[in-house]
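Trainee: The chain contents come next:
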Amino acid sequence: MENEQQLLSAINKGDRAAMKQLYERYKGYAMSIGLRYIPEVSDVEDVVQDSFVTILTSIGKFCYRGEGSLKGWIGRIVANRALDFVKQHERITFTTAIPDTQDEEPEIERIPPDVLTAMIAQLPSGYRIVLNLYVFEHCSHREIAQKLGIKESSSSSQLSRARQLLTHMITDYIKQHEI
Amino acid sequence: MKQEAWAERLNNHLKDYHQEPSRNLWEGIEASLDKQAQQAQGQVRRIALRRWLMAAAIIGVLLGGACLMWHNTPDQPQLAQADATPQAAASPNPEKLTAEAPAAAPEVSTTKVVAPEVIVPESTETATQPEETTAQPDETAVKPKEDTPNPQVRHPQPTEPKAYPQAEHHQQKPLRLTMGLFAQGNTNEMNNRNAVMMNPQMMQRVAATRAFLIDYEERESHNHPISFGLTIGYPINSWLSLSSGLVYTKLSSTFTTLMPNHQIQRHQKLHYIGVPLNLQAHLLQWHDFSLYLTAGAQADWNIKAESNTDGINQVMDKDRMQWSVGSSLGLAYHIIPQLSLYAEPGVIHYIDNGSTINNYFKDKPTSFNLQLGLRFDLNSPQ
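Chains A and B supply the protein sequences, listed in that same order. At position 53 of the first sequence the residue is numbered 53 (my numbering), and the sequence of numbers has no breaks. At position 298 of the second sequence the residue is numbered 298 (my numbering), and the sequence of numbers has no breaks.
Hint data in this document are derived by calculation from the structure and do not stem from the laboratory. Be aware that one or more of the hints could be misleading.
[To be verified] Partner residues aside, some chain A positions facing chain B, computed with beta carbon under 8 angstroms:
no., residue
1, Lys27
2, Glu45
3, Thr57
4, Tyr64
5, Arg65
6, Gly75
7, Ser140
8, Met169
9, Ile170
[Unchecked claim] No more than 25 angstroms apart at the CA atoms, straight line, and that leaves these computed lysine to any residue pairs for SDA-like:
no., chain 1, residue 1, chain 2, residue 2
10, A, Lys61, B, Ile335
11, B, Lys269, B, Lys304
12, A, Lys151, B, Val44
13, B, Lys362, B, Ala281
14, A, Lys151, B, Ile351
15, A, Lys13, B, Lys15
16, A, Lys13, B, Ile351
17, B, Lys269, B, Asp317
18, B, Lys364, A, Ile150
19, B, Lys15, A, Ser42
20, A, Lys13, B, Tyr333
21, B, Lys15, A, Arg91
22, A, Lys151, A, Thr54
23, A, Lys151, B, Leu33
24, A, Lys87, B, Val315
25, B, Lys250, B, Pro337
26, A, Lys175, B, Lys250
27, A, Lys151, B, Glu306
28, A, Lys151, B, Asp34
29, A, Lys151, A, Ser125
30, A, Lys175, B, Asp34
31, A, Lys61, B, Trp323
32, A, Lys13, B, Asp34
33, B, Lys318, A, Ala118
34, A, Lys71, A, Ala17
35, A, Lys61, A, Ser9
36, A, Lys71, A, Glu105
37, A, Lys13, B, Thr257
38, A, Lys151, B, Met316
39, A, Lys71, A, Thr54
40, A, Lys20, A, Arg91
Glycine included, C-beta positions come from ideal geometry on N, C-alpha and C.
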């Protein structure tokens, strides 16, 4: 299989087969990102399809910085598209209150990835967006505040609440499935 | 358990998770690519046409402006001539009038309407007659004839500023409705940058950073604002005038997130339309130079916000309305009476609008700026 640089070079020459190869290689990765933001699978698929159109039409502007950089770029495009979708289709509310109690350590590793992804997608939109941006997009609270037009403290409290709610969901799941 | 460690574990657990789509998305992608390629071809043609139309519009505005100015100029000499005739050119004219008026209109009682008609041929005769009598060469006779179509334009102008005392001239300048075109830029250091190193102390103090990312750094670089504007000045009295108009401002910034072996760059462009309201006090007038002081406020509305990460455009919220106050010292040079070139170095303070969008206004709330422009006098001097 061709590496990222070879694939890029072929795509920039207009090679449709190389474009399809890029899609085949990263479609699963793109879906896994979209599913953390959007609960409905068909909506995620629409977002992934639009994202690949953007990727393939903008790939000339991408600056290659070593193996893995193309994958990272694709991931950010999908995440941004998914975020825009949530902003357009869901009413996002943010709370400024910080939870009083600090929950115990959630046993994340005991949960199958698809189930954990679905749990994240079920979080209220404000919690879900901040958690995704902080944990998976490596954004600081400052960046999140800028992106969403909220205060940094508000971003921090969203994350704390998201973590609290996710811990409850994980604990319930472990109890129900006795794992 | 620390939030950062928990986030790292969550990230690691889902890092390699892949989910195949339930349907084939490639056909839709390919169809969209074909459609976009066709649209792009049409768009190129439309852009080319739009550029030609814009160029034609600019040329039209410039020609229109020049035409207006050209039509304004004859008014001034007429006024100047009316004033100048009794003063400077008083001696030859009465003689000619008395010499020719009876001959030209013996039976008509000389009314005010007739008088100017008589004056016009006189000026031609005064130009030709002495040459016929004193100097025969044809070359000298031709010159005045060339001047005859617009003797009113050329002769009074040099006499006007000389004939009037400086004090009178000083009072005339501010009492004109003016229109200005300008470009403005800030004069701080070339490019403003700031970097935030996420060291452990900062991370403990602010729960806003990522602990598990070593050497994580965020950088902001804000380019100087560039403004272009159109203003109208309205005189209040002999030394004060009020000006307002429309100002376009563009702000561009680059935000860089640096991680080990990884870098994300986001470019932000904000376009504002502003309405200034300034009070201008005229301080000094020396020959063709004038010195004045300007102070006022401006409201800017963000009409377009663009964000682009690694070549991909993203949706971005617009900035809130931005207020600013400023003051400047202006120096104008009158190239011709109707047109002056000016430079206004000044200080401007941008009031915090409370939005979370980072830009030059927030990074440098107080800065020095320089405005350069052209000012047109829309009406003739009084």
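Trainee: Each hint: holds or not?
Mentor: Right, here's what the structure says about each hint:
1. Evaluation of the Lys27/A hint against chain B yields a held restraint, the C-beta minimum of about 6 angstroms falling below 8 angstroms.
2. Hint status for Glu45/A relative to chain B: holds, with the closest Cβ pair at about 5 angstroms, below 8 angstroms.
3. For Thr57/A, the suggested interface contact is upheld, since its CB lies about 6 angstroms from the closest CB of chain B, less than 8 angstroms.
4. Look at Tyr64/A: its Cβ only gets to about 11 angstroms from chain B, farther than 8 angstroms, so that hint breaks.
5. The interface hint given for Arg65/A holds, since its Cβ lies 7 angstroms from the closest Cβ of chain B, which is under the 8 angstroms cut-off.
6. For Gly75/A, the interface hint is violated, since its Cβ never comes within 8 angstroms of a Cβ in chain B; the closest pair sits about 11 angstroms apart.
7. Below 8 angstroms, beta-carbon pairs count as interface contacts, and Ser140/A has one with chain B at about 5 angstroms; its hint therefore holds.
8. Annotation: Met169/A was flagged as interfacial toward chain B, and the flag is violated, the nearest CB pair being 13 angstroms apart, outside 8 angstroms.
9. At its closest, the beta carbon of Ile170/A sits 10 angstroms from a beta carbon of chain B; the interface hint therefore is violated under the 8 angstroms criterion.
10. This hinted pair does not check out: Lys61/A and Ile335/B have alpha carbons roughly 47 angstroms apart, beyond 25 angstroms.
11. As the CA atoms of Lys269/B and Lys304/B are separated by approximately 8 angstroms, the hinted pair is consistent with the 25 angstroms bound.
12. A threshold of 25 angstroms between alpha carbons decides the hint, and for Lys151/A with Val44/B the separation of about 42 angstroms lies outside it, so the pair is violated.
13. With a C-alpha separation of about 30 angstroms, the suggested pairing of Lys362/B with Ala281/B is violated against the 25 angstroms cut-off.
14. Between Lys151/A and Ile351/B the alpha-carbon distance is near 19 angstroms, which keeps this suggested pair within the 25 angstroms criterion.
15. Under the criterion of a C-alpha separation no larger than 25 angstroms, the hint pairing Lys13/A with Lys15/B is inconsistent with the structure, at around 31 angstroms.
16. The straight-line distance between the Cα atoms of Lys13/A and Ile351/B is roughly 50 angstroms, outside the 25 angstroms bound, and the hint therefore fails.
17. At most 25 angstroms may separate the alpha-carbon atoms for a hinted pair to count; Lys269/B and Asp317/B meet this at roughly 12 angstroms.
18. Proposed proximity of Lys364/B and Ile150/A is supported: the alpha carbons are some 22 angstroms apart, at most 25 angstroms.
19. Our distance criterion of 25 angstroms between C-alpha atoms is met by Lys15/B and Ser42/A, whose separation comes to about 22 angstroms.
20. For the suggested pair Lys13/A and Tyr333/B, the alpha carbons sit about 57 angstroms apart, so the restraint of at most 25 angstroms is broken.
21. A hinted pair counts as satisfied when its Cα atoms are at most 25 angstroms apart, and Lys15/B with Arg91/A does not qualify at roughly 28 angstroms.
22. For a cut-off of 25 angstroms, the pair hint linking Lys151/A to Thr54/A is broken: about 31 angstroms separates their Cα positions.
23. Between Lys151/A and Leu33/B, the direct Cα distance comes to roughly 39 angstroms. Violation of the 25 angstroms bound is thereby established for this hinted pair.
24. Among the hinted pairs, Lys87/A with Val315/B is consistent with the structure: their alpha-carbon atoms are about 10 angstroms apart, no more than 25 angstroms.
25. Proposed proximity of Lys250/B and Pro337/B is contradicted: the alpha carbons are some 33 angstroms apart, above 25 angstroms.
26. In summary, the hint linking Lys175/A to Lys250/B is not supported, as the alpha carbons are separated by about 57 angstroms, beyond the 25 angstroms threshold.
27. Proposed proximity of Lys151/A and Glu306/B is supported: the alpha carbons are some 21 angstroms apart, at most 25 angstroms.
28. Distance hint between Lys151/A and Asp34/B is unfulfilled; the C-alpha atoms sit about 43 angstroms from each other, more than 25 angstroms.
29. Pair hint Lys151/A plus Ser125/A holds up; C-alpha atoms about 17 angstroms apart against a cutoff of 25 angstroms.
30. Between the alpha carbons of Lys175/A and Asp34/B the distance comes to roughly 51 angstroms, so the proposed pair goes past 25 angstroms and is violated.
31. Distance restraint check for Lys61/A and Trp323/B: the Cα-Cα separation of roughly 36 angstroms exceeds the 25 angstroms cut-off, and the hinted pair is therefore not satisfied.
32. For the suggested pair Lys13/A and Asp34/B, the alpha carbons sit about 15 angstroms apart, so the restraint of at most 25 angstroms is met.
33. A hinted pair counts as satisfied when its Cα atoms are at most 25 angstroms apart, and Lys318/B with Ala118/A does not qualify at roughly 32 angstroms.
34. Pair hint Lys71/A plus Ala17/A holds up; C-alpha atoms about 18 angstroms apart against a cutoff of 25 angstroms.
35. The hinted pair formed by Lys61/A and Ser9/A meets the criterion: a straight-line CA distance of about 13 angstroms does not exceed 25 angstroms.
36. Restraint check for Lys71/A and Glu105/A: not satisfied, since their Cα atoms lie roughly 31 angstroms apart, outside the 25 angstroms limit.
37. Distance check on the hinted pair: Lys13/A and Thr257/B sit about 30 angstroms apart at the alpha-carbon level, beyond 25 angstroms; violated.
38. Restraint check for Lys151/A and Met316/B: the C-alpha separation of about 16 angstroms stays at or below 25 angstroms, so the hint holds.
39. Simply put, Lys71/A and Thr54/A have alpha-carbon atoms about 14 angstroms apart, close enough for the 25 angstroms limit, and the pair holds.
40. For the hint pairing Lys20/A with Arg91/A, the CA-to-CA distance comes to about 35 angstroms; that exceeds 25 angstroms, so the pair is violated.
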